[in-house]
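Each chain, written out:
Number of protein chains: 4
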Amino acid sequence: MSVPKFKELERAYGFDEVAIVPGDVTVNPDQTNIEFKIRDITFPIPIVAAAMDAVVDPDFAILFNKAGGLPILNCDGIQVRYENPRATLDEIINAPAREVTALMQKIYSEPVKDHLVVKRIKHIKKAGGVCAVSFIPATTKKLAHIAEEAGADIIVVQTTVTTARHVSKSYSGLSFSDLCQQLRIPVMVGNAVTYSAALELMRTGIDGLLVGIGPGAACTTREVLGVGVPQVTATIDCAAARDNYFKESGRYVSIITDGGIRIGSDMCKAFVSGADAVVFGSILTRAQEAPGQGYHWGMSQPSATLPRGTRIKTETRGPLEKLLFGPSHVTDGTENYVGALRNAMGLCGALSIREFQKVKMVIAPSIKTEGKHFQSLQQSC
Amino acid sequence: MSVPKFKELERAYGFDEVAIVPGDVTVNPDQTNIEFKIRDITFPIPIVAAAMDAVVDPDFAILFNKAGGLPILNCDGIQVRYENPRATLDEIINAPAREVTALMQKIYSEPVKDHLVVKRIKHIKKAGGVCAVSFIPATTKKLAHIAEEAGADIIVVQTTVTTARHVSKSYSGLSFSDLCQQLRIPVMVGNAVTYSAALELMRTGIDGLLVGIGPGAACTTREVLGVGVPQVTATIDCAAARDNYFKESGRYVSIITDGGIRIGSDMCKAFVSGADAVVFGSILTRAQEAPGQGYHWGMSQPSATLPRGTRIKTETRGPLEKLLFGPSHVTDGTENYVGALRNAMGLCGALSIREFQKVKMVIAPSIKTEGKHFQSLQQSC
Amino acid sequence: MSVPKFKELERAYGFDEVAIVPGDVTVNPDQTNIEFKIRDITFPIPIVAAAMDAVVDPDFAILFNKAGGLPILNCDGIQVRYENPRATLDEIINAPAREVTALMQKIYSEPVKDHLVVKRIKHIKKAGGVCAVSFIPATTKKLAHIAEEAGADIIVVQTTVTTARHVSKSYSGLSFSDLCQQLRIPVMVGNAVTYSAALELMRTGIDGLLVGIGPGAACTTREVLGVGVPQVTATIDCAAARDNYFKESGRYVSIITDGGIRIGSDMCKAFVSGADAVVFGSILTRAQEAPGQGYHWGMSQPSATLPRGTRIKTETRGPLEKLLFGPSHVTDGTENYVGALRNAMGLCGALSIREFQKVKMVIAPSIKTEGKHFQSLQQSC
Amino acid sequence: MSVPKFKELERAYGFDEVAIVPGDVTVNPDQTNIEFKIRDITFPIPIVAAAMDAVVDPDFAILFNKAGGLPILNCDGIQVRYENPRATLDEIINAPAREVTALMQKIYSEPVKDHLVVKRIKHIKKAGGVCAVSFIPATTKKLAHIAEEAGADIIVVQTTVTTARHVSKSYSGLSFSDLCQQLRIPVMVGNAVTYSAALELMRTGIDGLLVGIGPGAACTTREVLGVGVPQVTATIDCAAARDNYFKESGRYVSIITDGGIRIGSDMCKAFVSGADAVVFGSILTRAQEAPGQGYHWGMSQPSATLPRGTRIKTETRGPLEKLLFGPSHVTDGTENYVGALRNAMGLCGALSIREFQKVKMVIAPSIKTEGKHFQSLQQSC
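Chains as they are written, first to last, in our numbering: chain U, 1 to 381; chain V, 1 to 381; chain L, 1 to 381; chain S, 1 to 381.
Bear in mind the hints are in silico, worked out from the structure with no lab data behind them. You may find that some hints are simply not true.
Same chains, same label: a pair holds when it works inside one copy or across any pair of copies.
[Unchecked claim] Below, a list of computed lysine-lysine pairs in the DSS-like style, where the Cα atoms sit at most 30 Å apart:
1) K360 x K247
2) K169 x K66
3) K358 x K169
4) K7 x K113
5) K169 x K322
6) K360 x K313
7) K126 x K247
8) K5 x K360
Kindly generate the complete structure, drawing on both the sequences and the hints.
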């Protein structure tokens with residue numbers, strides 16, 4: 001007897017499960033173009049600094065801008081809740097491990113102040129360059145216009161799962177269509193992981209989509225709620241929505257893979273999965289200029305009753321410049337990310353990110369030999 | 001040459017191998033309805049406390065009832081074999097590890113006393129609320145009627161594998177059809193894992209089905225006998241039986257996923273697999289009010305010749321209230337299970353358990369990064 | 001472009017990757033019949049003691065016979081090379097780990113003596129019961145007839161891979177057809193793992209087939225040569241050959257899964273894969289009566305230039321009787337194997353081994369939770 | 001709604017995921033022929049010594065030649081950059097772990113000297129036998145002719161990914177067609193992993209193709225860039241290109257699996273995947289005659305800005321002779337590789353490498369039992 005199916009399960013893939021297939025043509029890395037665009041703003045490198053308190057403060061935003069990337073300031077975090085954010089950041093960094101979650105719940109219960117949003121934006125804009133700020137949906141209506149007035153160049157609306165339709169009794173839902181029409185500046189939204197949710201969000205008029213819910217093993221959303229889709233599949237599906245939406249509308253909405261990227265290969269696989277840019281979170285806390293000072297914590301704001309991210313130690317490595325552009329003296333993919341991207345594109349014959357998105361990928365689990373016999377390094381590395 | 005097939009093998013999935021896909025609509029967690037029903041008895045939260053001696057004693061049953069769930073008292077266990085069960089429980093808790101299996105075999109060889117069954121039921125009923133009691137098939141005929149007389153509201157018949165047809169020389173088989181007709185109160189039966197066995201049991205007139213044989217890695221039935229089906233597949237198949245039986249009969253038999261649930265995500269995945277409720281065993285031994293006092297053991301009664309469950313340490317965490325409803329200050333999914341359920345439903349746009357059952361799920365192994373580089377927590381958690 | 005395929009790869013499965021699905025009917029374990037036959041010789045329990053020097057010596061053969069199983073004496077080993085085998089066995093057991101392989105290579109270079117073959121057989125036959133002896137193909141022609149004369153009841157011809165056709169310059173190949181015709185007693189042959197090789201061997205007139213090449217992780221044939229097929233698939237394919245050969249000839253050739261069985265569940269899965277009996281090797285070295293005295297080594301005779309099995313410690317557990325029939329006071333599947341078999345058959349509603357072979361099995365990797373949170377033992381074990 | 005696919009992912013396999021299926025006929029190992037050819041040069045054993053500084057120096061090349069294999073001298077390495085290479089090799093061997101990558105970057109920045117290329121070739125040729133030398137594409141035009149003049153028998157052009165078409169502004173691309181026409185001696189090229197890239201390279205007139213990009217777990221190209229294809233699939237696809245190119249042209253271009261081989265089984269699986277020969281790198285650094293003296297490092301020359309191979313300890317084992325031909329006294333597949341190859345061929349009934357390539361293989365992950373219970377060695381090993 002064949003059993004009637006209550007539910008079908010499809011396979012989804014993460015970074016550790018795939019490998020990029022080299023091309024029939026190779027190009028020199030220095031000939032690759034890795035530009036990335038949000039509407040008409042062009043960034044020389046396709047890397048976004050995460051809207052998290054351990055990653056981006058106004059000074060880091062200025063520095064990251066100069067390096068060519070797009071930093072996002074978390075306008076639900078410490079920078080806009082406290083006049084002197086450094087003291088609060090240090091409190092989190094120095095707290096004992098078993099008290100840190102409760103401490104963070106307390107710290108993030110301090111209200112967001114409008115004038116601090118304005119102050120942080122003006123600080124960034126004074127240095128020139130692009131200023132992007134992020135809000136949660138509940139505060140966006142009020143703060144997005146204030147931010148635009150203050151000079152912000154891009155508005156990011158971000159929460160764990162963001163959809164074009166939200167049902168709530170407690171506050172009237174945010175309409176992305178209205179928001180996009182009312183603001184003159186581009187709007188980025190996240191996060192989403194499916195074709196249908198991505199397509200629906202694109203149709204509201206947004207300019208960029210952050211992709212990623214519960215990717216990787218460390219994100220506790222997968223542990224606490226079980227909700228999430230691994231990043232390779234999530235990016236592939238949202239890239240399909242982008243291309244189909246482009247066919248239907250002529251508008252190209254950038255797909256930004258957000259979460260789960262640790263090493264150079266993860267980043268490269270995100271692009272081959274279809275990303276136009278990638279978000280670096282933990283990676284950037286290793287820069288000596290990062291506010292986290294070698295620590296990172298996982299939420300723009302922790303839930304008071306069900307927190308899903310904790311503080312981790314990431315270790316300071318050196319200047320941002322070296323982290324992004326090398327030269328590297330390590331062989332584990334944790335330095336010179338831009339060099340890694342250009343080299344991988346070269347091996348695949350991709351002259352642009354758009355060409356790199358079309359490269360072939362195979363399912364190839366990274367089997368660990370676990371120190372058995374000896375490690376097998378080969379000449380063709 | 002193509003090899004003739006002696007046997008085809010289909011793939012079955014467990015909690016660690018799947019992830020829930022968020023929806024195109026999201027809802028606020030406080031708008032979700034998580035009620036669960038056995039015939040006409042409604043429980044505010046869809047959680048069943050396992051009929052195991054370390055989990056439920058009469059006082060815990062009263063407490064769990066008040067919290068909104070359904071506790072089941074093990075009427076093959078210590079509570080109905082000993083006048084003073086606390087002393088016996090302490091004996092098990094304090095025994096040295098290598099002696100505990102033999103000790104349990106001895107303790108559970110003491111006969112079940114009818115008057116203790118009556119006494120425990122009356123104790124629970126005096127506090128108000130619902131009283132559910134469980135028996136093994138061999139004692140059900142005699143004790144179910146006594147229990148009903150004493151005031152029990154639900155009868156549970158439970159053994160490793162329960163089928164509508166059992167072949168035995170030593171005792172005349174229990175007829176579930178007869179039992180369901182003779183009793184006025186609802187009957188729950190378990191455990192089953194397949195579509196056909198579930199359907200056949202539903203047709204006998206039962207009101208609830210416990211699903212799960214050998215789930216998870218710790219259940220030694222999988223080690224000792226090799227018998228079992230992982231919980232996601234087992235629940236999916238039994239939910240198909242429920243829906244088809246509902247179509248054929250108009251009667252809705254609740255499916256309760258029983259076994260293998262450790263953290264919030266496991267519980268959520270059980271519902272998305274099709275469960276109407278879930279059983280908590282080990283989880284509840286972490287409540288300070290649980291009889292196991294931070295210990296748990298795996299059988300309603302251990303076999304004298306081939307035991308398949310042993311004592312484990314689970315650690316006391318705090319009051320039951322906090323375990324179920326938070327607030328949580330940990331980020332690993334081991335507190336505020338009800339909050340986790342409502343949050344996951346919200347991310348998937350499910351207003352009821354019935355809607356949550358219809359949410360999409362993907363196969364997505366939880367790959368461990370094993371402390372390599374750093375843990376990747378991302379802002380979108 | 002679709003790539004032309006140089007080779008297709010099919011998936012093969014081992015014990016750790018499957019689980020047995022319980023039935024729609026259950027039976028009491030005491031009603032199961034677990035008999036096993038080689039031609040007209042019936043064994044009450046379907047377990048074969050491996051033809052290995054750490055497992056079977058003449059006294060153990062007598063004991064195992066009385067227990068109901070089929071022991072095979074290794075007639076290429078120490079028992080037939082040395083007058084006083086105990087001294088030589090002790091030499092191996094007491095050798096330092098890094099010298100033991102070289103020592104075994106030396107010990108097994110001593111020639112086999114015909115008169116010792118006769119002596120060992122007569123010793124076993126004096127106690128009554130069945131005497132089975134094993135040879136490698138190169139010595140079979142000469143020794144099989146001597147063994148039959150001495151009273152042996154079953155001849156076993158065994159080497160890593162045995163085929164009906166062997167190409168060699170150094171000795172004229174053994175013809176199984178000739179052997180089966182010349183001997184009055186049954187012939188068992190091994191090892192094979194494929195449908196075609198099994199079918200071809202059956203057509204030579206053999207009465208039993210040992211199935212297994214390189215199963216499990218510890219067999220170093222998989223490491224040294226890469227050759228082997230996991231046991232579930234190997235047994236399934238050879239069982240298909242058995243059933244098809246039975247249809248074509250009316251002769252039933254028993255399939256005996258040989259290798260990779262560690263715990264009760266492995267054994268049960270072998271039967272559900274189609275086995276008529278199973279071989280116990282390492283398991284039996286845990287009996288206090290075994291010649292290996294808590295040690296085991298992996299070859300009937302080690303290669304002088306490319307050894308593929310080494311000595312391991314297995315730990316003495318108690319009498320053979322308890323190992324096979326219990327009562328067990330452990331919960332890990334390493335005692336009361338016969339009880340485990342009968343219980344698993346009961347849960348699947350199988351009254352005979354032949355019915356148990358037809359039970360459903362699913363692919364269900366045994367995911368380890370690795371001490372995370374707590375172990376999840378559930379009441380339905 | 002069915003999601004439009006942005007990208008399809010096919011499964012690729014590595015050595016640890018497959019097993020070789022034994023044949024219906026077996027042959028004696030001493031009857032196997034394992035010859036390997038590059039154009040009209042025949043090698044008694046199908047093993048290539050990697051063009052890496054820790055593996056091949058001129059004296060090792062002479063020794064390896066005598067053993068029957070094909071050694072390749074790395075003409076981008078220390079031997080042709082330094083008059084006294086031993087001192088430089090010792091510097092790498094003795095450097096502290098955290099400084100060794102930077103040190104190697106410095107050492108390999110010393111320019112290659114033409115006269116040293118000539119000197120090393122003449123040293124090898126004086127001893128008789130075959131001299132093969134490797135260059136990177138950028139230096140090939142200039143040095144290949146010098147090498148041919150000096151007496152080299154085979155030219156190898158090797159880099160991480162080599163294609164018939166390379167796009168570069170900085171130097172005019174190497175034309176393999178031109179090179180193959182201009183040189184009288186055979187040309188080997190690498191590395192490639194796909195059907196199409198392999199076919200295109202073969203059509204330029206090359207005589208051998210090295211297959212492997214990022215195989216195995218230790219190659220950091222997979223970590224740093226994410227680029228690579230596991231060796232079983234890479235070899236299968238390139239072997240398809242070889243056979244199809246042979247049909248179209250009548251020319252047989254040898255496929256040499258390069259990278260990821262650690263133990264005998266890996267080597268055997270490479271041949272069954274379609275290889276005509278295999279490269280040994282780390283394995284040979286265990287020979288007491290190897291220049292690496294028990295150390296190995298992974299690049300012909302490390303990148304100054306993005307290194308992707310590091311120094312590892314491999315342990316000296318004994319003379320090359322024993323490593324290749326035994327006798328072995330270990331059981332883990334790390335000695336007597338030639339014996340292992342002949343034995344595996346014997347079990348599969350393959351009289352030649354060409355026949356061995358046609359043997360069946362299955363997907364059969366090497367599941368580790370992790371010291372649980374006991375290791376299961378069985379008699380049929």
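Original post:
What hint numbers does the structure not satisfy?
Top reply: 4, 6, 7
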